[in-house]
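Asks: Chains as they are written, first to last, in the numbering used here: chain A, 1 to 384; chain B, 385 to 534.
Note that these hints are calculated values from the structure, not bench results. The reader is advised that the hints may include incorrect statements.
To be verified - If we take Cβ atoms under 10 Å as the criterion, some of the chain A residues that face chain B in the derived model are:
1) Tyr134
2) Leu137
3) Lys146
4) Val147
5) Arg194
6) Ala197
7) Arg243
To be verified - Computed list of chain B residues with no C-beta within reach of chain A, every gap over 10 Å:
8) Pro399
9) Glu454
10) Ala510
11) Asp511
For clarity, every value in this text was computed on a predicted model and none was experimentally measured. All C-beta atoms in this analysis are idealised placements derived from N, C-alpha and C, irrespective of residue type, glycine included.
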Amino acid sequence: MAVIGIGETDYVRHGASPDPEFKLALKAVLAACADAGLDPREIDGFASYSDDRNEASRLAAALGIRRLRSATMQWGGGGGGCCAAVANAGAAIVAGLADCVVVFRALAQGQYGRFGQTTGIDSISGEKAYLMPYGVLAPPQRFAMKVRRYMHEHGVRQEALRAIALASYHHAQANPRAVMFGKPLDATRYDASRWIAEPFHLYDCCMENDGAAALVMVAEERAADFQHKPVYLLAAASGSGYRAGAMPHNAPAYASAGFETLAPELYKMAGVGPDDVGVVQSYENFTGGVVMALAEHGFFKPAEANDFLTLENLIAPSGRLPLNTSGGNLAECYMHGFELVLEAVRQVRGSSTSQARRNDVALVIGGPMVTPASNLLLGSEAAR
Amino acid sequence: MNSKPSPSYLPEGLPIPVAEPDGLSAPYWAALRQNRLLVQRCSHCQSWQFGPEWLCHRCHAFDPAWTEVEARGRILSWERVWHPSHAALRHHGPYLAVLVELPHAGGVRMVGNLLGDPMQAVSIGADVEGVFEHHREASPAYSLLQWWVL
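Can you make the complete structure from the sequences, with help from the hints?
Replies: Below you can see the structure in the form of structure tokens.
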């Protein structure tokens, strides 16, 4: 399968979008089709994740597409489905269930509630009942203890988390789409920023935004018919390891991002290894999850995290591993990780605002510390 | 084990824990109200399990038995929370949450607050004891399990 088009709306702070969320979804879909040079009526499938509110059937009706043949939703996992949704679209194409599938995420937190605030809940049951009454309410509090444990087990220092935040902000300064464009971050400002939940400073946490992003996929045989250099889906994996969903906080592999099973599967499917990867987009709900996710994908051993994770190593064009080159969830836009998939496409095309020198194989890692998580590898013609 | 009538660790107004409509966790919450801690232990294969499920994850026997265990354990991880994610916590200041492992109950873990000074140094591996915190005036009434460093 190949990605032939990408598109997004303006990315703005939560509450700042003049458009309703569904309109944002439509704008992103049309932008992706325009980028491909595709008549939107050619779309015959939609894929998304995280219970996206903007249903496939409503999109199909609104766009007047001739027939809908595939509509897939990846279960659960917050942003853990951002790569799995692409995989599900690809699987539909390979299976002959659809020919032209749009993968998208539209999310206006200003209209439907911020992820960082808990409101309007009088009583709670299930997993959150064991957490919320203790003030473990929103994602920062749900993940801080996992990261603290990982830092304790492997001697990871705050500076490693900081380097990830600095890399995202560094790249966002070159990206006019980024919400944090024109708002640079340095180590002093990071250190002085308030704690959200230790060990997370303000800048270790993703933003809360309004926007939408989409891409279009077709079979690779058709990819050459469109205007951009095709970007191939080399491999994808989704899921989680043994009892990762044992709640509350009872997963056997606790201090983990959840890629122990997925990373080897991904590399095996693509026939590549970590050394072949030139550039990485790794979902940052929180910087600590990125530390774990990169280690689990074989870029360094956990004990080497402090040495590997420096700003110099993480920036384009020539760092050891250019990371989150659009600014990602921290500084471009929290489009629930889908902006990371679009950025990986740009990297392989060679059109990123922070282009990596090595761009034949681009990795996206979706949703650390959630289940199911997912990942994917995109590649150029040379990497097929 | 203490059961102290002192004010709650966090302000009132946070979501109140209740059992699911299917009643899966009802024995757990009912026991807390009586100063007792229950977790599941399969009577067929003796595996411990928490949170509860209708099935033993190891041997697939249904309805693992609720078993009383001593509310003590050790700190597996912790966090000091500063940002208020709920209106009830506005202007409250930092508080501590801990993840406690219960070695005598198969290593099951539970989240609670660490009582005492919110700025205290917290040590991973420290032994802690449970303290039942009753919210009798709440509607519905409920109880939590908090922790105290030994």
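Asks: All the hints need checking, so say for each whether the structure fits it.
Replies: Now the hints, each set against the structure:
1. Tyr134: Hint holds; Tyr134 (chain A) Cβ to chain B Cβ min 5 Å, cut 10 Å.
2. Leu137: 4 Å, holds
3. Lys146: 7 Å, holds
4. Val147: 9 Å, holds
5. Arg194: 7 Å, holds
6. Ala197: 5 Å, holds
7. Arg243: 6 Å, holds
8. Pro399: At roughly 4 Å from the nearest Cβ of chain A, Pro399 (chain B) sits no farther out than 10 Å, so the non-interface label is violated.
9. Glu454: 18 Å, holds
10. Ala510: 12 Å, holds
11. Asp511: The claim stands: Asp511 (chain B) keeps its Cβ more than 10 Å from every Cβ of chain A (closest is about 17 Å).
When each numbered hint is compared with the structure, a violation occurs for hint 8 only.
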